[in-house]
Amino acid sequence: MMNAGQVDFNYLEGKAGILRKHIIKMIGEAGSGHPGGSLSAADILTVLYFQVMNVDPRSPKDPDRDRFVLSKGHGAPALYAALAEKGYFPVEELWNLRKINSPLQGHPDMRKVPGVEMSTGSLGQGLSAANGMALAARVMGKNYRVYVVLGDGETQEGQIWEAAMTSAHYGLDNVTAFLDFNQLQIDGPCAEVKSPLPFFEKWQAFGWEVMEIDGHNVKEIWEACQKAMTIKGKPVMVICRTIKGRGVSFMENEVDWHGKAPDREQLEKAMAELERGVHRHESKNSHP
Amino acid sequence: MSQKIATRDAYGEILVELGKKNPRIVALDADLSKSTKTANFKKAFPQRFFNMGVAEADMMGTAAGLAAAGLIPFASTFAVFATGRVYDQLRNSIAYPNLNVKIVATHAGITVGEDGGSHQSIEDIAIMRVMPNMTVIVPADGPETKKAVEAAVEMDGPVYIRLGRSGVPVIFSEEEPFTPGRGKILREGSDISIIAVGIMVSKALEAAQTLSQKGIEARVINMSSIKPLDQDMIVQAARETGGIVTAEEHSIIGGLGGAVSEVTAERYPVPVKRVGVQDTFGESGSPELLLEKYGLTPENIVKAVEEILQKR
Ligand SMILES: Cc1ncc(C[n+]2csc(CCOP(=O)(O)OP(=O)(O)O)c2C)c(N)n1
Ligand SMILES: [Mg+2]
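Here the protein sequences come in this chain order: G and A.
When we follow the numbering used here, the leftmost residue of the first sequence carries the number 1, and every step to the right adds one.
When we follow the numbering used here, the leftmost residue of the second sequence carries the number 1001, and every step to the right adds one.
Keep in mind the hints are simulated off the structure, nothing from the lab.
Treat the hints with care, as some may be off.
[Unchecked claim] With a straight-line Cα cutoff of 30 Å, these simulated DSS-like cross-link-like pairs (lysine-lysine) come out:
(1) A:K1311 x A:K1293
(2) A:K1043 x G:K234
(3) G:K142 x A:K1042
(4) G:K142 x A:K1311
(5) G:K227 x G:K61
(6) A:K1004 x A:K1034
(7) G:K86 x G:K142
(8) A:K1021 x A:K1004
(9) A:K1020 x A:K1004
(10) G:K202 x G:K86
(11) A:K1034 x G:K234
(12) A:K1020 x G:K142
(13) A:K1004 x A:K1303
(14) G:K61 x G:K99
(15) G:K112 x G:K260
(16) G:K142 x A:K1293
(17) A:K1293 x G:K232
(18) G:K61 x G:K234
(19) A:K1214 x A:K1227
(20) G:K21 x G:K61
(21) A:K1021 x G:K61
(22) G:K234 x A:K1042
(23) G:K227 x G:K202
(24) A:K1227 x G:K112
(25) A:K1043 x A:K1021
(26) A:K1303 x G:K61
(27) G:K86 x G:K61
(28) A:K1042 x G:K232
(29) G:K219 x G:K142
Excised from the complex, chain A in its bound form:
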């Protein structure tokens, strides 16, 4: 787990690769192409790249028109601007007509760092998850990002892919397949389940190691496909391990923790603890110190597990 790759870098690479194979792929950006890495695509295919300027609403609407005419547009900007800023455009021009637009947002979560709370999206999963027709994917690392983008091209309909700014440890091999609607068990265990997405997946694996040293065997699940959600895998985890800790770089409201709680409450109630941003905005600081301050650490996952086990 030593190598680190930013998911946005993986996106920049794969989009060019896919662009070579599929002439229907086009890309749009809103004056952040160097940061979102769609600049790579622009360089490779200048005729198929459209800079929309600082006009996110227009970018989403234009993407809708490109899709309506049969192309596969990828629209990218920071997650705050790709979701909340343009909620109604996503809803009415893309999701409602079920148009084939791929929204790939980078700089999600507090690991945006120094830019501060205005730029740290902690509510985008909730915003996108509630929208009918929308697929929502939060890849855990670079290789999974590439597979998710490939899968998005294969799907017909709107897809939201949530990426980060900073490097994250590589978990998967380049060959590891990704299937929308399927979770992935990364570590077996029967004492507790830890379900994580994005940068928290590697932290969940670290937490599981610590727990193992204390004689607690945790099952670790990567739930990158937030929607469609692998409900059966969640129910199975609830049944076989009796408790669940969720971990995400997102508000504990409405994101992975919310989704898992909905499923367990309805189908197999067990204690659930949600590790994530505690209904608060972020702030400036280095990503490392922010993760510490906001409790997005392996230690905090271990603590949540122990809290559940103490009550048994």
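In isolation and in its complexed conformation, chain G is listed as follows:
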């Protein structure tokens, strides 16, 4: 285990900025995609891929590697950006997102992209798959860990709660889940569409160790991962307070930017803002 002094948080913040620029450019080039939820999860993915997870792009099938499942598969651009930056495939490939014959499908496809551990896109299924991988580690006597990112709207799916019971029942302390708590889904705020709240108490009641952090603070994300490794006998849920569209002023907290691409002008404005690292909003302190 590392102490915070050994971690270069400035580097991680810079990496997250690069991921965000890739995300916007990628979706702009594709002409479609989901910027809001990709941007909100960018810091979580950055810390996992560039500080926490034991993965090596030179041996993407190493049986001992840590696993990552993007249960909210529409956040694929964030995952692709992380994988490209990590070295799984050339960054240039990102500009083929969603195009014919490209491995970069609209939603992650484990058979087409090295480093993608599970095909997702139909919401609600990733935690079950993560549990399966975690149980497999137990059967095979391996020490790898499994990380999974869920959307807050996604938790309206019943299967998430079936899976939540499974992780707890089998005491899967090798599972760490992150909830991208950006409070928005497609039709509006989650609390208005059909409230999945309260999250903290729900996951606790389901037998999970629950933490709550600022999902854009790389240090807090890293600390949560470190703490999760010390929890024995139960799975860990890290509720991440995030802002949908984080990093692009006109996308932040705007439900309309869930699933549309910026036009040329918007693209340039967004890229310029990301270059300057402008953050209009701070994470809210509302109770999860």
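On the provided structure of chain G, position chain A with the ligands as indicated by the hints.
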């Protein structure tokens, strides 16, 4: 043909046998392990068995994760819950990524009996057959069930095996090989072909005997591998016998009858009659009386054959 074995019992036995040889085999169930017979596996290998509770969607998703990590999961529950209930999980978490999950469903068809229509799956073959990457097998008896499960372990990719609750007559010896994608001619004949799956195979053989007494020689084919399908054997039957009767404990829509009709329509059109459940749900009753009421009998197969021959 006097001995009867339920295909689910054969499954329970073979899974333990294979589990001894192959440490990568694990099993999951959704609170029906005593009925599906995965309880045998649980007893033999408690560390490799996972009860997922009454949560079929989660069971399929967990199986996908186990397969993604390199194990060979067998997921079992009743056919209604193993297919329609979890269609999207099968589609998106298993078939789309072509993961090595074996779905072995028991209690298929109306011979579930007394539990009634809610529990009698008559559409699962259609549901599973339409899914890319999915192999679909409907064994005819206990020995073939064992061979099919063995074959499923050898294959890399998702496999659906459809089993029943009640005992069915033993047709095959324990040594009889099973090859996915191959039909099997059980009786030669050139007047008509009867292509059957599952419990209807033994009834097709009975029907052929009755027909023989009337001077009609029927070819009987066991088409347990619904997908991949032995298209050439179907075309050959069409060419050499001029007509086909299909027989299955499933809706006449989308199952064996549907598959055979697709092949003949495209490659060698001949009259086809489909014996099966006539686009209706089942109901409570003893398996025997249900088979009678829903027309899944040797007599009904004979009738279908005669209808085709009358039109010649
Ligand atoms: C099973 C399923 N239903 C519907 C959709 C369409 N869909 C895509 S994203 C989304 C909203 C997700 O909201 P949330 O989980 O909060 O994601 P985020 O805000 O992080 O983008 C929906 C309904 C889907 N992908 N899968
Ligand atoms: Mg959301």
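Verification of the supplied hints:
1. With a C-alpha separation of about 26 Å, the suggested pairing of K1311 of chain A with K1293 of chain A holds against the 30 Å cut-off.
2. For a cut-off of 30 Å, the pair hint linking K1043 of chain A to K234 of chain G stands: about 26 Å separates their Cα positions.
3. Restraint check for K142 of chain G and K1042 of chain A: satisfied, since their Cα atoms lie roughly 22 Å apart, inside the 30 Å limit.
4. Taking the CA atoms of K142 of chain G and K1311 of chain A, the gap is near 67 Å; set against the 30 Å cutoff, the hint is violated.
5. At most 30 Å may separate the alpha-carbon atoms for a hinted pair to count; K227 of chain G and K61 of chain G meet this at roughly 27 Å.
6. Between K1004 of chain A and K1034 of chain A the alpha-carbon distance is near 20 Å, which keeps this suggested pair within the 30 Å criterion.
7. Pair hint K86 of chain G plus K142 of chain G holds up; C-alpha atoms about 24 Å apart against a cutoff of 30 Å.
8. Pair hint K1021 of chain A plus K1004 of chain A holds up; C-alpha atoms about 27 Å apart against a cutoff of 30 Å.
9. Annotation: proposed proximity of K1020 of chain A to K1004 of chain A holds, straight-line Cα distance about 26 Å (limit 30 Å).
10. Restraint check for K202 of chain G and K86 of chain G: not satisfied, since their Cα atoms lie roughly 35 Å apart, outside the 30 Å limit.
11. Of the supplied pair hints, the one linking K1034 of chain A and K234 of chain G holds, its CA atoms being roughly 29 Å apart against a limit of 30 Å.
12. With a C-alpha separation of about 21 Å, the suggested pairing of K1020 of chain A with K142 of chain G holds against the 30 Å cut-off.
13. Taken as a hint, the K1004 of chain A and K1303 of chain A pair is honoured in the structure, with Cα atoms around 26 Å apart against an allowance of 30 Å.
14. Proposed proximity of K61 of chain G and K99 of chain G is supported: the alpha carbons are some 26 Å apart, at most 30 Å.
15. Distance check on the hinted pair: K112 of chain G and K260 of chain G sit about 24 Å apart at the alpha-carbon level, within 30 Å; holds.
16. Simply put, K142 of chain G and K1293 of chain A have alpha-carbon atoms about 55 Å apart, too far for the 30 Å limit, and the pair is violated.
17. A distance of roughly 58 Å separates the Cα atoms of K1293 of chain A and K232 of chain G; the hinted pair therefore is violated under the 30 Å criterion.
18. At roughly 27 Å between alpha-carbon atoms, K61 of chain G and K234 of chain G fall within 30 Å of each other, so this suggested pair holds.
19. Restraint check: the Cα-Cα separation between K1214 of chain A and K1227 of chain A comes to about 34 Å, which exceeds 30 Å; the hinted pair is violated.
20. Proximity of K21 of chain G to K61 of chain G is assessed by CA-CA distance (about 28 Å); at most 30 Å being required, the pair is judged to hold.
21. The straight-line distance between the Cα atoms of K1021 of chain A and K61 of chain G is roughly 25 Å, inside the 30 Å bound, and the hint therefore holds.
22. For the given pair, K234 of chain G sits about 23 Å from K1042 of chain A by alpha-carbon distance, which is consistent with the 30 Å threshold.
23. The straight-line distance between the Cα atoms of K227 of chain G and K202 of chain G is roughly 20 Å, inside the 30 Å bound, and the hint therefore holds.
24. Between K1227 of chain A and K112 of chain G the alpha-carbon distance is near 25 Å, which keeps this suggested pair within the 30 Å criterion.
25. For the proposed pair K1043 of chain A and K1021 of chain A, the alpha carbon gap of about 16 Å is at most 30 Å, so the pair holds.
26. A C-alpha spacing of about 58 Å is found between K1303 of chain A and K61 of chain G, which places the hinted pair above 30 Å, so the restraint is violated.
27. For a cut-off of 30 Å, the pair hint linking K86 of chain G to K61 of chain G stands: about 15 Å separates their Cα positions.
28. Distance hint between K1042 of chain A and K232 of chain G is fulfilled; the C-alpha atoms sit about 26 Å from each other, no more than 30 Å.
29. Distance check on the hinted pair: K219 of chain G and K142 of chain G sit about 28 Å apart at the alpha-carbon level, within 30 Å; holds.
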